[in-house]
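Engineer: Construct all of the structure, not just a fragment, from the sequences and the given hints.
For the record, the sequence lines run as chains H and E.
Note that our numbering has the first sequence beginning at 1, numbered continuously upward.
Note that our numbering has the second sequence beginning at 1, numbered continuously upward.
What the hints contain is simulated information worked out from the structure, not anything from laboratory work.
As the structure is a computational prediction, the values presented were derived from the model and not from experiment.
Keep in mind that the hints are not guaranteed to be accurate.
Which copy is meant is left open, so a pair is good if it fits within one copy or across any two.
Unchecked claim - Computed list of lysine-lysine pairs in DSS-like fashion (alpha-carbon distance at most 27 Å, straight line): (1) Lys150 x Lys19; (2) Lys149 x Lys55; (3) Lys56 x Lys146; (4) Lys55 x Lys175; (5) Lys133 x Lys150; (6) Lys125 x Lys146; (7) Lys18 x Lys175; (8) Lys25 x Lys114; (9) Lys175 x Lys56; (10) Lys129 x Lys25; (11) Lys125 x Lys25; (12) Lys175 x Lys13; (13) Lys174 x Lys149; (14) Lys114 x Lys19; (15) Lys133 x Lys175; (16) Lys129 x Lys150; (17) Lys133 x Lys174; (18) Lys25 x Lys56; (19) Lys149 x Lys175; (20) Lys175 x Lys125; (21) Lys55 x Lys12; (22) Lys174 x Lys12; (23) Lys13 x Lys149.
Below are the chains, spelled out letter by letter.
Number of protein chains: 2
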Amino acid sequence: MTKIIPVKNGTKKEAITKKASVLFKENGFSATSMRAIAEAFGIEASSLYNHINSKKEILQEICFKVANLFTANIIKVEANDLPVIEKLELIIRLHIHMMLQEYESVYISEHEWKHLPEPYLSNFKNQRKSYRKRFADIVKQGIANKELKKIDPYVAVLTILSAVGGIESWQHSKKNIDARSLEENMVTILLQGLQS
Amino acid sequence: MTKIIPVKNGTKKEAITKKASVLFKENGFSATSMRAIAEAFGIEASSLYNHINSKKEILQEICFKVANLFTANIIKVEANDLPVIEKLELIIRLHIHMMLQEYESVYISEHEWKHLPEPYLSNFKNQRKSYRKRFADIVKQGIANKELKKIDPYVAVLTILSAVGGIESWQHSKKNIDARSLEENMVTILLQGLQS
Numbered sequence: 001m002t003k004i005i006p007v008k009n010g011t012k013k014e015a016i017t018k019k020a021s022v023l024f025k026e027n028g029f030s031a032t033s034m035r036a037i038a039e040a041f042g043i044e045a046s047s048l049y050n051h052i053n054s055k056k057e058i059l060q061e062i063c064f065k066v067a068n069l070f071t072a073n074i075i076k077v078e079a080n081d082l083p084v085i086e087k088l089e090l091i092i093r094l095h096i097h098m099m100l101q102e103y104e105s106v107y108i109s110e111h112e113w114k115h116l117p118e119p120y121l122s123n124f125k126n127q128r129k130s131y132r133k134r135f136a137d138i139v140k141q142g143i144a145n146k147e148l149k150k151i152d153p154y155v156a157v158l159t160i161l162s163a164v165g166g167i168e169s170w171q172h173s174k175k176n177i178d179a180r181s182l183e184e185n186m187v188t189i190l191l192q193g194l195q196s
Numbered sequence: 001m002t003k004i005i006p007v008k009n010g011t012k013k014e015a016i017t018k019k020a021s022v023l024f025k026e027n028g029f030s031a032t033s034m035r036a037i038a039e040a041f042g043i044e045a046s047s048l049y050n051h052i053n054s055k056k057e058i059l060q061e062i063c064f065k066v067a068n069l070f071t072a073n074i075i076k077v078e079a080n081d082l083p084v085i086e087k088l089e090l091i092i093r094l095h096i097h098m099m100l101q102e103y104e105s106v107y108i109s110e111h112e113w114k115h116l117p118e119p120y121l122s123n124f125k126n127q128r129k130s131y132r133k134r135f136a137d138i139v140k141q142g143i144a145n146k147e148l149k150k151i152d153p154y155v156a157v158l159t160i161l162s163a164v165g166g167i168e169s170w171q172h173s174k175k176n177i178d179a180r181s182l183e184e185n186m187v188t189i190l191l192q193g194l195q196s
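Structural biologist: Given below as structure tokens:
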């Protein structure tokens, strides 16, 4: 007789979220139905509701998982007693790793967050804003202590985040270069563009 | 008696295209009807067809105007007898200027070209690919003559184009910094990130 192993709700929820993020990425959040997610997961739509209340709850899981991860990292980086240039390297590398390894989740948290219901929408927007402020503050420290050239911290953060976001176009073809070299080259260009 | 001044077809077509690009940017190409474009232009939908055959023709006008402008520029830059770093500066500044001054057209040529009908779609994709190759070739020259550090030319072009594309987020708020300083700061970070 096969012993039935109870599936932890958390784990199943995570698996559903992972599958859903691929579908949201491919077809967009709006065009993806709970039925399509259930089908991709090989279960009935009605069973899906045992694990998750709504499509928006899945979106919320994805967006906040990504946002919380970046926030936790920047808090850790801020607390570290490192030169600013090394702090920036840690932040840039995490962004690149996320674009390489958690591409669908990052894509959705970047492009589909507008569909979040309140109060999550406001919360998410605040978290984004606060993240960029903390990031810019680290750049400011580097300018103050002369590690970085005199650049506008807002433009520095915009340039870094946009450049890293461009890995999206690499994800479409995965041609021209391997992930490791892509990372090393981008880190070099961005860090040395900031360094004084 | 008012003398009727004949409107040149080309001029009116350009004006329609300009208006349409704002609507495509706001609501997306698919969700924008010819009727909506006519209304925004203050004419009947039937009159619109005197100037333009279809919505796809407008898209085609927008995409190729942008692509041709960048191609013409890079041909001129290639022919110039300048250090590579100055060639790159000319290219980067044109991309920034276009993001600042022709934002809607650039946005549409970046995000909506997939709706182009054949043979325009293939033509546009080839032009994009060829542009990036020429751009990468200039980077290669700079590495060969030691003006630039040893970076992967593909990653250099990806980083530059993505960073400049990030001006999209500045366009949403136009906060934090004026256009001129945005340009100067971004040019500094990108060029010095490449320079040896």
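Engineer: Of all the hints given earlier, name the ones this structure violates by number, lowest first.
Structural biologist: The structure conflicts with hints 1, 2, 3, 4, 6, 9, 12, 22 and 23, although it agrees with all the remaining ones.
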